[in-house]
Amino acid sequence: MGMDDEILSVKNIFKVFGSQPEEAMRMLDSGKNKDDVFRETGQVVGVFDASFSVRKGEIFVIMGLSGSGKSTMVRLFNRLIEPTSGSIYLNGNEITGLTDKELLTVRRKDMSMVFQSFALMPHMTVLDNAAFGLEVSSVGEAERYRRAREALEQVGLAGHEYSYPHQLSGGMQQRVGLARALANDPSILLMDEAFSALDPLIRTEMQDELIRLQAEQQRTIIFISHDLDEAIRIGHRIAIMEGGRVVQVGTPQEILNNPASDYVEAFFKSVDSSRGLRAGDVARFESDIVIHRSSTDSRVDGHSIPYAYLTDDDRHLLGLLDSSGVAQGESPREIAPAELSVVAFDTPLHDVLDLAASVPYPLPVLTREGTLHGTITKDSILKSLSRH
Amino acid sequence: MSVLTILDPFQVLHIPLGEWVEASLNYLVDNFRGVFRAVRWPIDQVLDGIEGLLQSVPPTIGILLGSLLGWQVAGRRMGLFCAFTLILLGLIGVWSESMTTLSLVLTAVFFCGLFGVPLGILCARHDRLEQMVRPVLDAMQTLPAFVYLVPVVMLFGIGNVPGVLVTIVFALPPLVRLTNLGIRQVPADKIEAARAFGCTPGQMLRRVQLPLATQTIMAGLNQTLMLSLSMVVIASMISVGGLGQMVLRGIGRLDMGLATVGGLGLVMLAIFLDRLTQAMGERSAIAGDHRRWFQKGPLGLCLRLFGIGKLQATPNV
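Line by line, the protein sequences give chains A and B.
So for the first sequence, this note's numbering puts the first residue at 69; every next one is plus one.
So for the second sequence, this note's numbering puts the first residue at 24; every next one is plus one.
With the rest of the complex left out, here is chain B (with noise of 0.2 Å):
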């Protein structure tokens, strides 16, 4: 209908992206359905036993089981915030939803741990991988979330699973970014004294590479937590049950007191996880303190009770 000009040759050149990618989904759903079914196995598996744990437990024993995993990890102050947080979940009255959220997000961390680290230690370790691997990452972090939702949705229908499947996707690279630079961050005069010493590779990662990166990881870690949780929301529109849902909800009818309590549970649930693996990574840097963790805090406590303590206190200075 048109001819080819020089000054606007798009009126002909045109890549048929959209058609391809509708056309092979469609190859895909036909005859790999099987394929996607099983992926959905193991997150199934995990995210049940994760669920059925939390919704067991009754509300106060999670809080004080909770406090006491704060005063453990980071001493009695934080024990005491995160109790107050817990609590405050409880009050509004979203204490269900909130464990439908919290093992939802703890599921999307697990597998991003999962894979996120090994790939991370991979990258550090050949640099054509990282350059490959970094585009995608990329893709993964700003590609809008709707686009990827739908094909989801055809592949692996919808419901929990597949929302915690783009949780991964959204989640998972900064992890993976900064296991890579926590590695490559260990000073090259360790790595020497190491390799002098007749370290295998292996030894190599093991006994000075991930211990001196924890921080680094650490600090990926509570990016992956974060972003699982902002992930929620957007999520729920494929039916993830939680306080996201409870948000759209909340937007879908105007109730902008719905929309509020589910985001308000949101905002606490993130400022708990924050707080607690901030603490773990930092755990370590702690000067002047020689105690093992398992020392400290309740477990400590306990342990100086029943008097095992004192065989492993280290005798210092």
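The following block holds chain A by itself, in its conformation from the complex (with noise of 0.2 Å):
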């Protein structure tokens, strides 16, 4: 991965909160601890000596238990929080030296927040707050509102417009919270804990609808969690955070395999489980490697992707379309439904998991009637243990 990808880049920042900063980072320098800092001055170390950089493009999740600094962090993005020092880079350009002016400018146009506590206008319509940051950017009433009706529309809220936050649901708030930051139409969306105020199903939901919204418009996320299913679920990568320090930042299955730190491993020990699963639970249907045959001469074009289904209108399976032998000169072949290999829907996971591992091709899981239901990849099913 090259420089040109990186949208946020994180150099040295350090953070301490009190009345004598500079006292703390000279004992810092020195190679005292964040313990050793707090007895001695009584100032606390938030965040300590993090780097890293996010790319373009993809969900990047901070991970940390409650005191970790995850929440400083974010916030040392967009500068809600002055870092005492170290840079921040975003696109290349240094956001920690910026005037009060061009401050305002990333925060209006590069970098939107959604927050655990909803933080909604209580005075103000659905509509109105999801208007809120383009209204404070001075964008014209009508702009404004056809705007914020469309960040509506993405996240299911279109109809309660003119409903007031008290009368929606925790879910249904947070949608607004997520249109709000959405209508701004930001590079970066920054979202802490976005999810955890919401009850387990919802935040679910709400999870499938994130990947959904980033996978339709390539957005870049930086998600703060402190639940790990969450991370593994929605992340790209993920950054994990302990007293203050980023001890490891990796795919969640480079962590998975490779913990860091005995405190990573210790994390990660609860995610072990394909207890009870079934193939169904895990199968994802992805529109995106479904091709309708009526459609097919339309579509057909889709060679980029080495396996694609081929249904009917009503999702029987005919074949599966193999391109990924393209890049070595051979001709796309179609391979018929008998020859492949398909589980049913009630399959427990455990039978999938060597079958999974042992085809190329996602795993095709039909329902009782025998129409595709969904795909499972080695990759899904990862994600899917850690989720229970």
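Source of the hints: derived by calculation from the structure; they are not laboratory data.
Partial list, computed: chain A residues near chain B (C-beta under 7 Å):
id, residue
1, Asn146
2, Arg175
3, Arg176
4, Met181
5, Ala187
Far from chain A, some chain B residues (derived; all Cβ distances over 10 Å):
id, residue
6, Asp67
7, Pro158
8, Gly180
9, Gly273
10, Thr300
All values derive from a computational prediction rather than experimental measurement.
Every residue gets a Cβ at the ideal spot worked out from N, C-alpha and C, and that includes glycine.
Make one complex out of these two single chains by using the hints.
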């Protein structure tokens, strides 16, 4: 990964809370740790020498327990909290040196934030709330409401424009929060424990929603979470924080296979169970690898996808289009359903593991009626294991 | 004449505070009369305007407008209640005095709002300023009115205008305090969200802090109004007209009838104003009703009659 696809990078960031940060920084420089600093000076070290970068278009999860500095970290990005030392770069430009006016532009155009407490304005309608960021940037009324309506539609809140936040459920309120952030069309979405206040069912629903939105818009999302399941589920890459330090950055798989410390390992211990899961629970229906037979002609240009499933209008499986050899000059070939390994919806996940590992294509999962329910990949099994 | 002793040093040591005050007051009166005359002017203008308006409206029209206002602000029951109190004021024969008192009170509240709300906002933003202002507010509220009644007369003369001034001194503090409190009590997460979306301090104030503090500020305004009314009797000692004068004259002549009528008039006026401002403060808190204020009550009725309201109606749920 080169420098050009980095959208945000953090270099040796420190944040000390208290009246004499210089004193605390001197102690940190001489090798003292966070606890020593607190004991001797009463200064609280929030973030300790953090360096990492976030790539364009990825969901980057910063994970840690409460007090690990993750919420401080996300506020350093848009400078709601000023770093004590170090630099942050957005698209190669240093944010840490911006004037107040330039900072306003960054907050209005480049980064929008979604909050754990929703932080909606109780005196404004849903529409006005969604348009808040645009109103602050002095976008004209017609334009502002058009974009706010679009954003509300994206999060599934069309029709609630004139309700007030207190009339909506928690999940819907957070959708408003998300719409408010999306309406600004920011290049980076900062989400501070955005789903932590929601009940588990709604949380999962919102996570799926976020994954869908991200897939559609390729927006960079920085997601703060204390929940490992959530981190693995939605994160392309995860940064794990402990006591103000970033202890490991990597894909869920990398971290799972190669934990950098005992702390990380202990964290991931709980992630091991495939009890009671069925193939159908794990399978996902991904529309971009499914081709309707009736519209084949127009969409078979999808040779860039190595494997695509062919279905009729009722989702009955007609075959698999194997384009994995196209790069080597072979033409795509069609595999009939009889030659494919197929899994029934109710098959225990345990029995699918080997099969999924042995075939090159995503395993098709069929319903009792024989229609395509979704597909399973090694990756999706891994993610689902962490969830349950 | 006496010697300094440890046990009672105050035989000799003492600060001639009273003499100083007198001297400086005399100095002010001699040299700055013009300045104080100038201060009178804006108050005079506002007071004359309001009083002229209120006195020129015939009681029946006044009662009608007052009731409609009550209806508009807080519904039909409030409208009836306003009509009841205003009619009672007329029946006990104090309509004209009530209007004089009302104009005094409204003028005082107008100037309190003009200075109190911005001062409260500044206090909410600057802790140092709040620390400095607080003892001054304490003094304004606790200092017996009689103490500053005399200097005010010396500087501004007698009549309604100095009466309004005295009232402002007494009634201003709660508005400043509650504006300050209301803005400080705006939840931190709303402030943070507004900052994260790039609000300037001015936008923050207009779009977030003031709207969310409205209820508290209105409570402050309500208190200011009540304190102004309670000041009316004392202010009548410097020849301020209206209901207070009736009470004062009644006490002076041991005419209990006159004093009671004046007192009752004050109470009715207080109840009328209190309910009205309270309803204004609570208006935003009513849940489940999404019509804007102009779509309800008599105004809404007119708009609907002329078919304008439909355009503004919000297509809800």
